[in-house]
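J.: This is what each chain is made of:
Protein chains: 2
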Amino acid sequence: MNGLCVATYRAYDDKADFSKKALSIAVGLTVGSWTELPEAQKAEMEKHLGKVVSVDVHEPSGAAPGERYADIRIAYPDINFSRDLPALLVTVFGKLSMDGRIKLLDLDVSDAFASAFPGPKFGLNGVRELLEVNDRPLLMSIFKSVVGHDLANLQEQFYKQALGGVDLIKDDEILFENPLTPLEKRVEACMEAARRAREETGQKLLYAVNLTGPTSQLAANARKAIDAGANALLFNVLAYGYDVLHELSSDKSINVPIAAHPAMAGAIYPSPHYGIAASLLLGKLMRLAGADLVLFPSPYGSVVMPKEENLAVKDALLSPLHGLRTSFPVPSAGIHPGLVPLILKDFGMDVVVNAGGGIHGHPMGTAAGGQAFRQAIGAALDGTPLQEAAKQAGNEPLQAAINAWGIKEA
Amino acid sequence: MNGLCVATYRAYDDKADFSKKALSIAVGLTVGSWTELPEAQKAEMEKHLGKVVSVDVHEPSGAAPGERYADIRIAYPDINFSRDLPALLVTVFGKLSMDGRIKLLDLDVSDAFASAFPGPKFGLNGVRELLEVNDRPLLMSIFKSVVGHDLANLQEQFYKQALGGVDLIKDDEILFENPLTPLEKRVEACMEAARRAREETGQKLLYAVNLTGPTSQLAANARKAIDAGANALLFNVLAYGYDVLHELSSDKSINVPIAAHPAMAGAIYPSPHYGIAASLLLGKLMRLAGADLVLFPSPYGSVVMPKEENLAVKDALLSPLHGLRTSFPVPSAGIHPGLVPLILKDFGMDVVVNAGGGIHGHPMGTAAGGQAFRQAIGAALDGTPLQEAAKQAGNEPLQAAINAWGIKEA
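Each protein sequence line maps, in turn, to chains A and B. Counting in my numbering, the first sequence runs from 1 upward without gaps. Counting in my numbering, the second sequence runs from 1 upward without gaps.
Read the hints as simulated data drawn from the structure, not as lab findings. Any given hint could turn out to be false.
The list makes no distinction among identical chains, and a pair is therefore deemed to hold if it is satisfied within one copy or across any two copies.
With a cut-off of at most 30 Å between alpha-carbon atoms, the simulated DSSO-like pairs for lysine-lysine come out as follows [what the hints assert, rightly or not]:
{"id": "1", "residue 1": "51", "residue 2": "307"}
{"id": "2", "residue 1": "144", "residue 2": "51"}
{"id": "3", "residue 1": "408", "residue 2": "20"}
{"id": "4", "residue 1": "42", "residue 2": "185"}
Source: prediction; values computed, not measured.
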C-alpha cells in the first residue's frame, strides 16, 4: 500500500513562471523526464511521477524586488523512497535545497510512510504518568554551569534544583563525556541527589542526561546511562540526524523518555528564503522521529523566534498526526516566574516551563527559584494574579522573583 | 595534550557592542559564568574558558540598516568536548545558531582534535591510483533517470556512459533501496556493464552506488555492496550527519572511496545571515569526516553558488589540513564540454568534471557525450582551443557538443 507525501515549499523569484517551476520539480525529483518518454513507458512510470498539487503566487502590488514568491505543493509517490527520514528529505529537498531561494515549509507524509514510525514511546501523557503529574504544566530546570565542574559540584547543583520542586532537570547540551563527570558516575551522583530531594519534596523527578559519543555507540551509551539509573535522556538530534533519534526511540531497551535539544537548528530555520520551517524541523519531524519532549526557542527571551512560529511548533507537536503520541513542548530561554501566566495563555497547560537563569539567579537561591516557579504555576492555574499570590504566606520566593524580574501581563 | 579549536563567525547587528557579545559567547559556551566565580576556582577553570581571539567590526559609512556586522573569532579549549564532530558543532554553534543573525564561517580545529580523524581513506591521489589516471582531470557522469526503471534499463544506461570514457559513474542520490533495482543486483548489473565497456575502452571505472537505509545498517549495506562488486560509494552525508560518514570512512572493511553528495546543503549555506559557510559545510568538514570526493554546486549551472564560494570549497578540500589526504573537488550542475577550459582554469587539473545532461543530452547519444568531454579535456590540457580541436578527425562528438551548447571563454 503506497501513498503520496506532500511537500510545501515557498519559492522566491521576481520573474519565474512558478507553474513551470513546480512541474519541473515534480518531474525532476521523481522520474527525471516525462514528455520525452515513449507512451508505452508512461503507463508504467505514472505511479512514480510527482504531481503538482497547488501553486499560489503572491505578488503584492508595489512589492520590492525580492518579495515575489509562490507557495508550491508537490505530491511525491512514496513508492520512490524507502521509509526513512533521510530518504524522504533527500527526495523532497536534497538537490532542490540548492536551487535558488526556496524554503521547505511543511511535509504531509502518507499513512504508509508514517507506519514505519512508532513516534514518541512515552509522549506527553507518558511523561505525565511517569511523574504522576496530570493537573498542571511541568517545570524543568537546567544546570547553571557544568563544563569544568566535578561530580560533587554537579550533585550539589542538582540537589538544589530538585529541592525547588522541579519535575525535570536536564544536562547542559554542551556536557560531553569527560573525566570530571563521566556519564555513569554523573547519573549515579545526580540520581542520589534526586532521592535525597524527594525525601524533602515527596515528588518524582526525571533527569535527562546528555546522550553523546560516536553514532554507533549511542544506543550502548543510552543503556549504560539507564543501567546507572538515568530515567530520561537529552539528545542533540540535529547534530546526529533524525534517523539516529528514530532508531534510539524505536529501541525497546531504551525505555526512558528522550528530550530533543534544538542545537544547530538556528542554522536551518530562521531565514525566510532558505532552510526548513521551525514547525517542521523542530515540530513534526522531531515527533515523527520519536522525541517525547522537544525544546525550542521561546518567544520571550533573547534567543528569539517569532511567536507564530513558536505556536506552529507547538501545534505540530500536539495536533493529530497519524495516530502518534504527542510530544511535550518545551519553549526555552528567557523564562522567569513573571512570565508563567503568559506562557500558559500561549501554550495551554500541556507545556514544560523550562528555566535556567530564572531559577539559579533567584535572589533567595536555586531552591527558592524552583519554588517561585511552582508558586507562579499554582497561581496561574487558580486564576490568581501573581501580585496577589506573591503576598500569600510561604510565597516569599514568588515575591522575590517578581521584585527581581517583574511580571509580563498575559 | 589539548588545544584550542577556533571558530569564526559573522554576526549582524545594527547596534550591538560586538566585543561584549564575543566575550559572552566565549564564556557562555564554555564555563558558563566567569566574573562571579571565586578567585580560587578561577585558576582551576581557566583551562576550560573560551577566549576571544579577534573582533573585526564592519560598519560601512552610510550602510543600510541590517548591514552592520562583525567577524568574531573565539577559541574553545578542546578539553571541553569529546573528539567527534557532533560535540564540536554543538559546542561552537549549537545554542549560538539560534542567537540572532549569526553565521558560522570557519573552524580551525586543534591538532589534538584532528588526531581523532583519519580523513579520506583514498583521497584525491588514492582515487587517481585506483583509476590509473594521473595526467588529467577525471570525468564523472550521472544516470539520466533511475526512479521507476529496471535493472536492464540501468545496465544499458551504465554501459553507454562507460563507453564514452568516463572515469566515474554515480547513482542518482534519490535512488533508494527498491524492488526494481535492489542494491546488490544493481551493483552486479552495473559492474557487468563496466566490464563489457572496459573491453572497448581499455579503461578503469568507479561506480559510486548510493548508500542508503537505516543509520545502523549503513556499514552492513556498504559491505554488501562491496561484496557484490561495488568499487565506490555515494553518500548523502548531511541527511545522516558527519559522524556517520566519519565512522564509515574509518571502517577498515569499507575499502572503497566515498563520494559525498551535498543533498540538503542548500538549507544551510546560502543565507548571508544564518547557517554555515559552504567552504566549511561542504569543504573542511566533509574532508575531516573522510570524504574522498565531494560534490558541490558549480558556478556554471542553474544551481548557483557564487564563484568565490566554489573556490573556497575547493581550497578547503585541497589545502594542507593536519596532514589529511586531500578530497577530490566535484563541482556539479550545468556542465557541458564547452565549459571544460573554464573549469580547468578555475579549478586546475585536480578536479572531477561531472556531467548529467551534458552527456545524456548529446545529439549523438550518451557514449558520444562522454567522448566529447574527453576530447574537450584533452584539448584543454594541450592548450588547443576547442573550436580547433573540434575539427580534428575523430572529434565529431566535441563538434556536435559545441554546436549544441556553445563554448564559454576561459
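J.: If a hint holds in the structure, say so; if it does not, say that too.
T.: Quick rundown of the hints versus the structure:
Taking CA atoms no more than 30 Å apart as the test, residue 51 paired with residue 307 passes in neither setting, with 33 Å inside one copy and 34 Å between copies. Proximity of residue 144 to residue 51 under the C-alpha cut-off of 30 Å is restricted to the inter-copy arrangement: shortest distance 20 Å between copies versus 51 Å within a copy. For a Cα distance limit of 30 Å, the shortest separation of residue 408 from residue 20 across copies, 27 Å, qualifies, whereas the shortest one inside one copy, 49 Å, does not. In this homomeric assembly, residue 42 and residue 185 come within 30 Å of each other (Cα to Cα) only across copies, at 24 Å, whereas the closest approach inside a single copy is 62 Å.
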